[in-house]
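Visitor: In case you want the letters, here they are:
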Amino acid sequence: MSQFLSLVVGGLFLGAIYALVALGFVTIFRATGVINFAQGSVLLVGAYLVGRLNGSIGFWPAVLVAIAAAALLSLLIDALLIRRVRAADLGTLAILTLGVDILISTEMTRAIGTDVLSVGAPWGAHVVEVAGIRVPASRVIAGGVALVLVGALAAAVKLTDWGVAMRSAAEDGETAGLMGIRLNRVAAGAWALAGGLAAIGGLFLASFPAAGVTPGLGLVALAAIPAVVLGGFDSPAGAVVGGLIIGVVSVLCAGYQDELSFLGRGLGTVAPYVVMLLVLLVRPSGLFGTRELTRV
Amino acid sequence: MSKPLRTGIAAGVVVVLAALPIYLESFWLQTSLFAMGAIVAAIGLTLLVGIAGQLSLAHAFFVAIGAYGYAFLAGHDAPGTDAPTGLGLPPLLALIGAVALAGLAGALFSPISGRVRGIYLGLASLGLVFLGQHVLQNATAITGGYEGVTVEPFSVAGFSFSDADPDLTILGVPYGRLERLWYLDVVVVALAVWYGRNLVRSRPGRALASVRDGEIAAAVHGIDVVRYKAAAFTVSSMYAGLGGVLTALAFGRIVPESFGFLLSIDFLVMVVIGGAGSVGGAAAGAVFVTALPLILNHYSGSLPLLAEPGGGGINASEASRFIYGAAIVAVLLFARDGLAGLVRRSRSPEVKESLT
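From first to last, the protein sequence lines stand for chains A and B.
In short: position in the first sequence from 1, add 2, done, that's the numbering used here.
In short: position in the second sequence from 1, add 136, done, that's the numbering used here.
Wrong hints could be hidden among the right ones.
Claimed, not checked - Not everything, but these chain A residues come out facing chain B in the computed CB check (under 8 Å):
id, residue
1, I97
2, I104
3, R112
4, I227
5, L283
6, R285
Hints are computed from structural coordinates only; laboratory data are not their basis.
Glycine is no exception: its CB is placed at the ideal position from the N, C-alpha and C atoms.
Extracted from the complex, chain A is given alone in its bound form (with noise of 0.2 Å):
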């Protein structure tokens, strides 16, 4: 029983960071409808950065500039590429995405080789022990993050400009732009912002137990396009309860591997996906998305 509770908290933490992930992917679809794979990379930008700077220039200074370097690419492939054929459909935007993405990863691959970086981060391998409960102390603290965050982004998005600019934008672009409403700047708020989350994200997934930075970080962050789909694109709100849900079937499934053995090994990493199907069977539109209503 308490191997199950562990698992299910550990799986709610890990969730939490999917979570954050996955908001950044739901910002940008909101304000530019755009699905961005390079979403993945640019995490690995972040993390990346948080492992080579760490040692200079101390970690909290260093998590400082990843952010930064995140959100200015995010918001670079915004204003250079995107912004040109923001008009093209979703299909031609995601694969222009994917192109990015195949640019940055490899880029980052070839810079981080076949080192493991270490983010290096104060709270190093501890691990948080309450009633029997093990977390990792990096999860409880990426769950406090995700938490603070994910509140002040629907905060922000209820009570500032910013926010009923961005929501007009999500609902109606081109009644938002009539409006004067400036799309750009709305479009290059929701990509900075989530470049922002992708690398908090990247840093926690790269933290203990994870070893390090490795290009692989990646399709890892993947994960959290099953929390996306599931969640229901347009949905804050669904991003982070899929999120979650992804986090504790993947620790579930990796924890009882051994009793789950029967459908073979590495059950964790597939079974996100599988989650994904099944959902989709029954819901197209996700578990809060906009159902698509066809009238005549």
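Starting from the known structure of chain A, arrange chain B on it as the hints suggest.
Guide: Quick look at chain B alone, frame taken from chain A:
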């Protein structure tokens, strides 16, 4: 072009294609075999993406079904070893069976592919690739796991597409596996192109294009949207399966790693560079994406700027990834309809003349 001229050109092309294996080194033959396998599969994806307007990231999964399906159906049991089992069917039957299996898998996905739209389908199909990888790694009795499985050579009517049986020498060139497979691949590619082009221009092809342009309008015209979308997915999977068989034959031994997420992206790149919806474009894109890393690698010693793998510089596979990453971005920003569009535009003055 006049009819005799066209016939003459066609005959010339056939002669050149038939003579090429005599002159090409084995590296170039091997590269063209991989390229031709990719061409067939890419045609399937361009039909799906360009004509039916559905995005699929699962293409590598269906290619894998074709490749492993053939290896399983044609493979022979090796009692006493722990090599993967096989059904030992005649290779031609195994080829047809593998294509059918891929089509069946595509049809089984239809509850999702028929209902989920465009980019959402792309994301959902992403799940299939990872699921496929998991199965390939774990169903060791059939796939051999990460060690892979040896692919039975193709043969038809007693003629084996392998290094022997019967021994064959033409104009002093020994005809081995690569030379023989070249002819098989050329024929299959020709059939795939011919069928694909006809499909685009046929009634179902036009129905699919109208589904892409507007589902509601298509439904109003009496097109069964869900059924057509599912059918498009099935046909595209069968193309992928056929491409997979050719790829498996070219490899000789297949491992799960060759059929992962990156291959799915490669196929999308081929289709985009070629111009979505164009059969010829997909073929050109397939040649470009498949051959580029192999050629860069082959000449990495003599090309400037390229380093040996593990060195500090850019190695061949990285260089080719940079080149085609940049190619996607450039194509989508400046020439949305890809190579096919460029060709069409350069030809258009001629078309106008003939119209007036």
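Visitor: If a hint holds in the structure, say so; if it doesn't, say that too.
Guide: Verification of the supplied hints:
Because the closest C-beta pair between I97 (chain A) and chain B is about 5 Å apart, less than 8 Å, the hint holds. Because the closest C-beta pair between I104 (chain A) and chain B is about 4 Å apart, less than 8 Å, the hint holds. A distance limit of 8 Å between C-beta atoms decides the matter here; for R112 (chain A) the minimum to chain B is near 6 Å, and the interface restraint holds. At its closest, the beta carbon of I227 (chain A) sits 6 Å from a beta carbon of chain B; the interface hint therefore holds under the 8 Å criterion.
Hint status for L283 (chain A) relative to chain B: holds, with the closest Cβ pair at about 6 Å, below 8 Å. Among the interface hints, the one on R285 (chain A) is violated; its C-beta lies about 10 Å from the nearest C-beta in chain B, farther than the 8 Å criterion.
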